[in-house]
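A.B. asks: Below, each chain spelled out in residue letters.
2 protein chains.
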Amino acid sequence: MLHGKVLIAQGGGPTAVINQSLVGAVQEARRWKADGVYGAMHGVSGIINEKFVDLAQESDVNLEQVATSPCSALGSTRDKPDLAYCQEIFRVLKTHDIKTFFYIGGNDSSDTLRILVDEGQKVNYGLRCIHIPKTIDNDLMISDHTPGFPSAALFVARAFAGINMDNRALPGVYVGVVMGRHAGFLTAASALARQFDDDGPHLIYLPERNFDLDNFVNDVKSAYHKYGRCIIAVSEGIHNQRGVPISNTISNDVERDAHGNVQLSGTGALADLLTDAIKSSTGIKRVRGDTFGYLQRSFLGCVSKIDQLEAREVGIKAVQFAANAGRDGAITIHRVGDYAVDYRLTELRDVAGKTKLMGDSFIAESGADVTPAFIQYCRPLVGDELPAVARLQAPAVQIEEPLCL
Amino acid sequence: MLHGKVLIAQGGGPTAVINQSLVGAVQEARRWKADGVYGAMHGVSGIINEKFVDLAQESDVNLEQVATSPCSALGSTRDKPDLAYCQEIFRVLKTHDIKTFFYIGGNDSSDTLRILVDEGQKVNYGLRCIHIPKTIDNDLMISDHTPGFPSAALFVARAFAGINMDNRALPGVYVGVVMGRHAGFLTAASALARQFDDDGPHLIYLPERNFDLDNFVNDVKSAYHKYGRCIIAVSEGIHNQRGVPISNTISNDVERDAHGNVQLSGTGALADLLTDAIKSSTGIKRVRGDTFGYLQRSFLGCVSKIDQLEAREVGIKAVQFAANAGRDGAITIHRVGDYAVDYRLTELRDVAGKTKLMGDSFIAESGADVTPAFIQYCRPLVGDELPAVARLQAPAVQIEEPLCL
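As given, the protein sequences belong to chains A and B, one line each in that order.
According to my numbering, the residues represented by the first sequence are 1 to 405, in order.
According to my numbering, the residues represented by the second sequence are 1 to 405, in order.
Hints in this document: simulated from the structure, not taken from any laboratory.
No experiment lies behind these values; they were computed from the predicted model shown.
The beta carbon of each residue, even a glycine, is placed where N, CA and C say it ideally should be.
Treat the hints with care, since some could be wrong.
[As the list claims (entries may be wrong)] 27 Å max Cα-Cα, derived DSS-like pairs, lysine-lysine: (1) B:LYS94 x B:LYS33; (2) A:LYS279 x B:LYS80; (3) A:LYS285 x B:LYS51; (4) B:LYS279 x A:LYS80; (5) B:LYS221 x A:LYS285; (6) B:LYS221 x A:LYS51; (7) A:LYS226 x B:LYS94; (8) A:LYS80 x B:LYS33.
[What the hints assert, rightly or not] Some chain B residues flagged as far from chain A (calculated, every beta-carbon gap over 12 Å): (9) TYR38; (10) GLN121; (11) ILE142; (12) ARG158; (13) LEU309; (14) ILE375.
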């Protein structure tokens, strides 16, 4: 059973389905007759500031509407508690008789839970902590994949599918910069956009491999020669062999968040650097670059149904494990078929603060593409929401005596 | 009736529904038993190079699949014929007994048709030319709106609706740069994203008004003070009072297309300039900028149903007018109800090469927003494909003796 009040919060970057997990946890906590169901506004910062909402007073009708709305309905935070912050959290939780805490977030949020659990044991406050996974980066350990990723992958695939058609109509070179600091999963999802053999993206650059600007330009030249056009998917986190992000080589004036991460999104600098390099080195005239930016995690109405279901399920399972398992942990998703999944409670330390990268089996030997194994892994996640496109099949009119030779 | 063979081509930037018009014209031309239905690859350049496909050999099954695929299936071009180019076109058309030409495109494509008609009269080649409208910019004269715009507007509205939720979860300043060189319709469509009173975009900058960086920064400060966050929609075509695009003030190294237009999309420079200005002048830390780029015209699976239907209809109507009206012209859309439209054949000279801008009644007096009249104009175009979102309604937990003051 659930002891004391239940508290739910959302941390880190929003996703298209993060509220499914919130609603799943709220409804399940009410079903288990928790003494109260609070929501903390803006993650852990809402706890220390005692900014709570009484989720027991939400109607199921409104909760269902919230579930299908993108981005953290409780608000989010980038705060990462230290010892003093944690002690403040415990003081507040104790005052409000909160005994179970569900934190929906990525590896930073799971690390926050790990710190809370460690500190909680020191101060002897019996708090049950369960991590509910979400991240478009898909970089949580143990889990086959993470809620939020499939919908973001669907966005990226749809974007490149459209770009591919656009680029066929008006050929040139196109660079699309995709989110992903350390893990290339979301950039790799661009490969799902391919349908015909000559479809783009023709090149895919991931942070799991070192990036070399000269090799890049040569790759582009070759692809352009072969296809008469070239579409390139690039992760924002690409870096040189010394590990320095290419975007940092542009400017020393970098911005860091509370986790020490350099700000990569919200600027078009990397795309501009790459398109400039192509223009100046190849003589190709039509070279365009887009940075997908925040659209890929929050665009309204681009949601994988499987993602919706799984995000709901991890919220529900978190409450069930909290009531039954007698220990803290992180909800993890395990693939047990093609396609079927199972949900388990994993030790927090196995997930907290760690980053899963794309395995070698998912990256082509060239270092500039994915493997069929990755496609097989990723395709079921985006489901039927990635529509097929068609080309004209009409035969060319045979010109027997061309007017212009 | 239709004389000789029919030729169809697509020009200018692709849209999400441009193939609906193509398929509408092909099927209707076959219904009218045209002697042949050719497609020119890559617009007028396909004519002078005799790159034709025999559209009479397309199956209706595949045509329906093509219709729902984004971006010019025949390929497009930025070529703008001069006299010599036109003479070459007539030589080819005559050789292939092509007597009716449908060109699907924007104001540049309609101007190409005007030139063709003028030159055709000089060389006494009886060519029937009908312009089929498309442009995401919505800047064609006479028409109430243009096929392609509603779907692009839907993309922009969905993008800002998501960004609005994202920005509520993690507050800060967000600048989204939207396509539109001279006309602000697409940027203005961002206003459709608003649902709650405090929803963004809080500021909207259009090329119909002069842009002043100092005023801009002050507007942002005020909005940020009022809402604790600020979302801004900016047209890529904003310019200073001397008419110089703000993006040009960044670099003199500008790229021009065949129509003399400066390249605005495919670079993140304008968003970066604006976010830098905000950061350096306001002290606000979290300032992000995205350039929506090519996604807004080609993103797969973001289509207004009304746009689909109308794009199909203008293709069909073009053939009917060609068969019955006995004159050249441009298909125009006229609003005859709320919401209902009528299709007419307008003189080419009234559309060709002209640009419709947003009227004063659509622009707020502040110069940084749209009016309710614009919302009323634009809302029916995107239809039911813009979903509503929901917020939590749970009341705040009343804290009687706050722990932290």
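A.B. asks: Would you assess whether LEU309 (chain B), listed as outside the interface, keeps its beta-carbon beyond 12 Å of every beta-carbon in chain A?
C.D. replies: 18 Å, holds
A.B. asks: Please verify that the nearest CB of chain A lies beyond 12 Å from TYR38 (chain B)'s CB.
C.D. replies: Non-interface label fails for TYR38 (chain B): nearest chain A Cβ at 6 Å, not farther than 12 Å.
A.B. asks: So is ILE375 (chain B) really clear of chain A, every C-beta pair being over 12 Å apart?
C.D. replies: ILE375 (chain B) is indeed farther than 12 Å from all Cβ atoms of chain A, at 17 Å.
A.B. asks: Please confirm whether ARG158 (chain B) is truly not at the interface, meaning its C-beta sits more than 12 Å away from all C-beta atoms of chain A.
C.D. replies: Label violated. Min Cβ-Cβ 4 Å, cutoff 12 Å.
A.B. asks: Once the closest CB in chain A is found, is it more than 12 Å from ILE142 (chain B)?
C.D. replies: At roughly 26 Å from the nearest Cβ of chain A, ILE142 (chain B) sits farther out than 12 Å, so the non-interface label holds.
A.B. asks: Going by Cβ atoms, does GLN121 (chain B) stay more than 12 Å from chain A at every point?
C.D. replies: Fine: 22 Å to the nearest Cβ keeps GLN121 (chain B) off the interface.
A.B. asks: Between LYS221 (chain B) and LYS285 (chain A), is the straight-line Cα distance small enough, at 27 Å or below?
C.D. replies: With Cα atoms ~40 Å apart, LYS221 (chain B) and LYS285 (chain A) exceed 27 Å; violated.
A.B. asks: Tell me if the straight-line CA distance from LYS279 (chain A) to LYS80 (chain B) falls inside 27 Å.
C.D. replies: 24 Å, holds
A.B. asks: Quickly compare the C-alpha distance for LYS285 (chain A) and LYS51 (chain B) to 27 Å and report which way the hint goes.
C.D. replies: Between LYS285 (chain A) and LYS51 (chain B) the Cα gap is close to 23 Å, so the pair holds against 27 Å.
A.B. asks: Is the Cα-Cα distance between LYS279 (chain B) and LYS80 (chain A) 27 Å or less?
C.D. replies: Measuring from Cα to Cα gives roughly 24 Å; hence the hint holds.
A.B. asks: Are the Cα atoms of LYS221 (chain B) and LYS51 (chain A) separated by 27 Å or less?
C.D. replies: At roughly 26 Å apart (the allowed maximum being 27 Å), LYS51 (chain A) and LYS221 (chain B) satisfy the hint.
A.B. asks: Within 27 Å, alpha carbon to alpha carbon, are LYS80 (chain A) and LYS33 (chain B)?
C.D. replies: Outside the cut-off at roughly 71 Å; violated.
Hints 5, 7, 8, 9 and 12, counting from the list given before, are not met by this structure.
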